[in-house]
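We have chain A already, so just place chains B and C on it with the hints.
The listed protein sequences derive, respectively, from chains A, B and C. Sequential numbering of the first sequence, starting at 6, is according to my numbering. Sequential numbering of the second sequence, starting at 1290, is according to my numbering. Sequential numbering of the third sequence, starting at 48, is according to my numbering.
Because the hints were derived from the structure by calculation, they are not lab data. Given the structure is predicted, the values throughout are model-derived calculations rather than measurements. Honestly, I wouldn't trust all of these hints.
[Said to hold, decoys possible] From the derived model, a few chain B residues whose C-beta atoms are all more than 10 Å from chain C:
# : residue
1 : Glu1353
2 : Ile1380
3 : Thr1424
4 : Gly1428
5 : Ala1465
[Said to hold, decoys possible] With a Cα cut of at most 25 Å, we get these calculated SDA-like pairs of lysine to any residue:
# : chain 1 : residue 1 : chain 2 : residue 2
6 : A       : Lys9      : C       : Arg230
7 : A       : Lys203    : A       : Phe149
8 : C       : Lys180    : A       : Arg69
9 : A       : Lys203    : B       : Asp1398
[Unchecked claim] DEER-style ranges, computed between Cβ atoms:
#  : chain 1 : residue 1 : chain 2 : residue 2 : range
10 : C       : Ser177    : B       : Glu1314   : 53 to 59 Å
11 : C       : Leu93     : B       : Arg1429   : 56 to 62 Å
12 : C       : Leu93     : A       : Trp10     : 39 to 45 Å
13 : C       : His363    : B       : Ile1330   : 47 to 53 Å
14 : C       : Val124    : B       : Ala1357   : 49 to 55 Å
15 : A       : Glu198    : C       : Phe314    : 53 to 59 Å
16 : B       : Glu1314   : C       : His52     : 38 to 44 Å
17 : B       : Glu1314   : C       : Arg360    : 22 to 28 Å
18 : B       : Pro1430   : C       : Leu436    : 49 to 55 Å
19 : C       : Phe314    : B       : Arg1349   : 27 to 33 Å
20 : C       : Val124    : B       : Ile1330   : 39 to 45 Å
21 : C       : Asn405    : B       : Pro1461   : 32 to 38 Å
22 : A       : Ala12     : C       : Ser177    : 49 to 55 Å
Don't be surprised by glycine CBs; every beta carbon is placed ideally from N, CA and C.
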Amino acid sequence: MAWKWHAPLEGKGLTFSILTALAILVGGMIELIPPYFLQGTIDPIPGVQPYTALELEGRDIYIREGCVNCHSQMIRPFKTETDRYGQYTLPGEGVYERPFLYGSRRTGPDLSRVGGKYPNSWHWIHFRNPREIEPRSNMPPYEFLSRSELDLSLTQRKLEVLASLGHPYTEAQIEGAVADASAQAAQVAAALEADGQKLGELERRSETIALIAYLQRLGRDLAQSPPAVASAGAAQ
Amino acid sequence: MSGQDDYVAELPRPDDANRDGIREEDNDIPGWWWWTWFATILFSAFYIPYYALTGWSQERMYAEQVEAAQAIAASAPAPTANPFRGDAAAIAEGQQVFATICAACHKPDASGLVGPSLVDPYWKYGDSDADLFQTVAKGRPAGMPAWESQLGTEKIWKALAFMETLPKSDQPGIGAPTAPGAASAPAAAPAPGS
Amino acid sequence: MRPIHTNAVIFGFTLGTVFAGSYYGLQRLCRVRMFSDTLSRINLWLWNAIIVAAAVSLMLGKTTSKEYAELEWPIDVAITVVWVVYAVNFFGTLARRREKGMYVAIWFWIATILTIALLHIFNSLERPISWMKSYSIYAGLHDANIQWWYGHNAVGFLLTTPILGLMYYFLPKQINRPIYSHRLSIVHFWSLIFIYMWAGPHHLIYSPLPDWAQTLGMTFSVMLILPSWGGMLNGLLTMRGAWDRVRTDPILKMMAVGITFYGMSTFEGPMMAVRTVNSLSHFTNWTIGHVHSGALGWVALVCFASLYYMIPRLWHTKLYSVRLAEVHFWTATLGLVIYVTSMWISGVTQGLMWRAVNADGSLTYTFIETVAAIRVYDVIRAVGGAVFLSGVFVMIYNVAKTIQQGSAAVPAGALPPGAVPVAGGR
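Just chain A, same shape as in the assembly (with noise of 0.2 Å):
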């Protein structure tokens, strides 16, 4: 009988486990680890920069508010996508990404070219009802974001942690990490309030001013550096 010498093995608990162990070690050895030492041939891209501290406020909102559930970051090579979101996602882009956010369904836009795409006006009035600016868009509002004061607590905290990962903030970008956040959101204010917004006290200081800082970060880096990555209406 062929299979005979598999008996004695179902009377062997710890060897029995032993071998699973092992049958389930081998792929993921071989898939996971050498990506992780080639990390040095991945080409580096020069503009890459980490978050600012108040865009890092940013995207850790929209992560809290599970923005990642609709909307991708993660734009495959094909002409359709490129010509819809702009230029596809590269190794070296996701360096400060941390947890990644290539999301697995589109019930919404790709965003990961989104930034600098529309006006923060534009943002401040599609979070406050995205019907206001497209009516067939079934995204929920999200008004009270903007009635939430934007916590700053643990941002020198969390620049700190990221710097002790490998992401190269300076000492004096962690120290002044609070007084950085909080002049970029004066700075995203103002320019909302040029394009006519009125924005109350609070707001001003809200967490949609944070996450906005975020939105239009994404992809800036790589159409930064000039000439603006020209290929096939790339960073529109």
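Here is chains B and C on its own, set in the frame of chain A:
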């Protein structure tokens, strides 16, 4: 644990059929199962070299798509005057495009919201056909996106043909230099810590 | 909302049933009491506490955003504790078994315990910021690669192997027929667990992941079809000669349909991993439909069947109403078909519209047009989901009635050993 043996007493006796009464036969595995499995392995044996050894890469695949598209684009030079001016069918189509794309920022009546008014007398980037086409196709720095790759030339011209038919206003509208709050660019991301 | 939904289904319902079913089956297959009742109780209460904590923390927006691993680090630590408790209890029982050979179901549970431990630990490595916030130690592409190694294999080893274990135990018990082929069990067990672990990168096709890794992920997915089908074959062929019973017994019907959906989605999955198909299906509702044909069709139906088997026996009574179970079967199947079909159509529609181009190479549709186009399918999908859910309510009622008519104070010595964990299976 107390009472443990009681529980065990309830379980099948050693002389009962093994494994809680579950029996197993040892029938042959159907031939088609083996053959199909080998077929999938064979498939992989061809698939891997096909992608790994023929120089295929997704970057190259992408480059080829772009080349093909550029060839098509090059064969049809863009006209400098709107070819659809006054064409009723085209204007109707242009209205559709305007409603889905342009109205989001310029409002359905083009009086301006985030983007400037398109019915006032003031044109930020010129109002010749070529200028307008350039504005829509390639975008403008203050926040106007480039629409060429998404819409193609034809839809842009049709949308522009529709836009001409909208009722005009002679007052400076949103975005005009005399109106409050001239449009400003989105705040560029400052370098960290700046 | 979505993470709450996936976490509740996977960790709340499925894993709850798996704990219950494996405790139940293991004791009978080993002919000993669980290693430690205390550990069983810890497992029950801590696990349910975790589920509550998970729901609350996700609703508060405390999430790592990594799919199926959204929970923040203190909960991750608690999950590790539960898993260790479960493992010690499981292997402790195994070591003291009074039965020489280990039955196939036990093999699959062993694979589950080991693999999930490995996946959970490596994917959840994070640097805490505060009590409810942390950053992954991996960045960007590497994070994605690890995540989908986890994500894919969580499907494999939480939603496939333990359920196969349930099938291998409860199917022959209910139908009272021998398993079709032991050697098929051997072949498909080892090939399944070996090949499964390679297939993760098929979630990252056309991503920046190196081409070779994508290709491996894809080919191993295709090679996985037949090992997966080994389980289906063994299940369906065990039923051969007893189809008249399948027609009248809702538990067997659920098993049969569940196993069929298993076969279907394990074929669909690898097809979607092929580069050409994936370019269409990725990011669309098709993926969601696929997940649900697996989760509702295979996992849920087999779990339902197992619960219908276990609960009357644990409370020493008969099922309150076989007819209601029958109703549950039909609503579940109908809901499933409506749901999966609408998602399939809407996914393909989305994919085709995204890539449609005009003669001059420009895109035909704007994104919002694709949103509007699939709205009707979203409604159909909701109907399908509601029908499926109504069946679950029928089951809850049926089970509650069953427990009510059963006697909690069973005669001394007859208390079924699985009683404790069952309350954990919601």
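* Sort out which numbered hints this structure fails and list those numbers smallest first. => Nothing - there is no hint that the structure violates, so all of them hold.
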